[in-house]
Amino acid sequence: MSWGTELWDQFDNLEKHTQWGIDILEKYIKFVKERTEIELSYAKQLRNLAKKYQPKKNSKEEEEYRYTACKAFLSTLNEMNDYAGQHEVISENMTSNITVELARYVQELKQERKSVTKVCFFFLRDGPGVMGIS
Numbered sequence: 001m002s003w004g005t006e007l008w009d010q011f012d013n014l015e016k017h018t019q020w021g022i023d024i025l026e027k028y029i030k031f032v033k034e035r036t037e038i039e040l041s042y043a044k045q046l047r048n049l050a051k052k053y054q055p056k057k058n059s060k061e062e063e064e065y066r067y068t069a070c071k072a073f074l075s076t077l078n079e080m081n082d083y084a085g086q087h088e089v090i091s092e093n094m095t096s097n098i099t100v101e102l103a104r105y106v107q108e109l110k111q112e113r114k115s116v117t118k119v120c121f122f123f124l125r126d127g128p129g130v131m132g133i134s
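full-length UniProt numbering puts the last residue of the sequence shown at 134; the count rises by one with no breaks.
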C-alpha cells in the first residue's frame, strides 16, 4: 500500500474542513462589511452633531464666539468633525483593504477547491485501477 491510498478515506473530512475555512472567511467578510457601515453611520452622526452646533454665519452668535469659552467649544466641534473624517477613512480602508481582498481570496479558494475536488473524485472512483494498485 502506498502513502496516498491510506489517506483516501479522509477525503470527506478534508472536504468539510476546507469548506469550514471558506465559511469562516465569508463570515468575517460579512462582519467587516457591517462594521464599515457602522463606522460610516457614526461618522455621519458626528458630522451632523458638529454642524448642528456650529455658529451661523453673520449672526449675533458668531460675535460671541470670540470669547475663550466659546472658542474652546468651537475647537471641540472642529475636532469632532475631524473624528468623523477619521471614521470615514477607517471605513474606506476596511472596505478596500479587507473586504475586497478577502472576497477575491475566497473566490480563488472556491475555484481551487472545486478543481482539487474534481481530481480527488476521479482518483477515488478510478484511482486504484489507474495507478496500477489492486
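It is possible that some hints are incorrect.
[Claimed, not checked] Here are the simulated EDC-like pairs of lysine to aspartate or glutamate, each with C-alpha atoms no more than 20 angstroms apart in a straight line:
1) Lys30 with Asp126
2) Lys110 with Glu34
3) Lys114 with Glu34
4) Lys44 with Glu88
5) Lys114 with Asp12
6) Lys27 with Asp9
7) Lys51 with Glu62
8) Lys16 with Glu26
9) Lys30 with Glu79
10) Lys114 with Asp9
11) Lys52 with Glu34
12) Lys27 with Glu37
13) Lys118 with Asp9
14) Lys52 with Glu62
15) Lys71 with Glu61
16) Lys51 with Glu39
17) Lys27 with Glu79
18) Lys110 with Asp126
19) Lys27 with Glu108
20) Lys44 with Glu92
21) Lys110 with Glu39
22) Lys114 with Asp126
23) Lys51 with Glu15
24) Lys33 with Glu79
25) Lys118 with Glu108
26) Lys51 with Asp12
27) Lys30 with Asp82
28) Lys71 with Glu88
29) Lys33 with Asp23
30) Lys110 with Asp23
31) Lys51 with Glu34
32) Lys52 with Glu64
Bear in mind the hints are in silico, worked out from the structure with no lab data behind them.
### Query
Has the given pair, Lys51 with Glu62, been kept, meaning a C-alpha gap of at most 20 angstroms?
holds, 14 angstroms
### Query
Taking 20 angstroms as the top limit, are the C-alpha atoms of Lys110 and Asp126 close enough?
Distance ~24 angstroms between Lys110 and Asp126 Cα, so the pair is violated.
### Message
With the threshold set at 20 angstroms, check whether the alpha-carbon distance from Lys27 to Glu108 stays at or below it.
### Response
Distance ~16 angstroms between Lys27 and Glu108 Cα, so the pair holds.
#### Entry: Straight-line alpha-carbon gap Lys30 to Glu79, limit 20 angstroms
Measuring from Cα to Cα gives roughly 31 angstroms; hence the hint is violated.
### Message
Against the 20 angstroms threshold, does the CA-CA distance of Lys110 and Asp23 hold or violate the hint?
### Response
holds, 10 angstroms
### Query
Between Lys110 and Glu39, is the straight-line Cα distance small enough, at 20 angstroms or below?
violated, 30 angstroms
### Message
What's the verdict on Lys33 and Asp23, does the C-alpha distance respect the 20 angstroms limit or exceed it?
### Response
holds, 15 angstroms
### Query
Taking only the CA atoms, is the gap from Lys44 to Glu92 under or equal to 20 angstroms?
holds, 14 angstroms
### Query
Regarding the pair Lys51 and Glu15, is the alpha-carbon distance no greater than 20 angstroms?
violated, 54 angstroms
### Task
Assess, step by step, whether the Cα of Lys30 is no farther than 20 angstroms from the Cα of Asp82, and give holds or violated.
Violated, at about 27 angstroms.
### Query
Taking only the CA atoms, is the gap from Lys52 to Glu34 under or equal to 20 angstroms?
The hint is violated at about 27 angstroms.
### Message
What's the verdict on Lys118 and Glu108, does the C-alpha distance respect the 20 angstroms limit or exceed it?
### Response
holds, 16 angstroms
Figure legend: structure checked against the earlier numbered hints; hints not met, in rising order: 1, 2, 3, 6, 9, 11, 17, 18, 21, 23, 24, 26, 27, 28 and 31.
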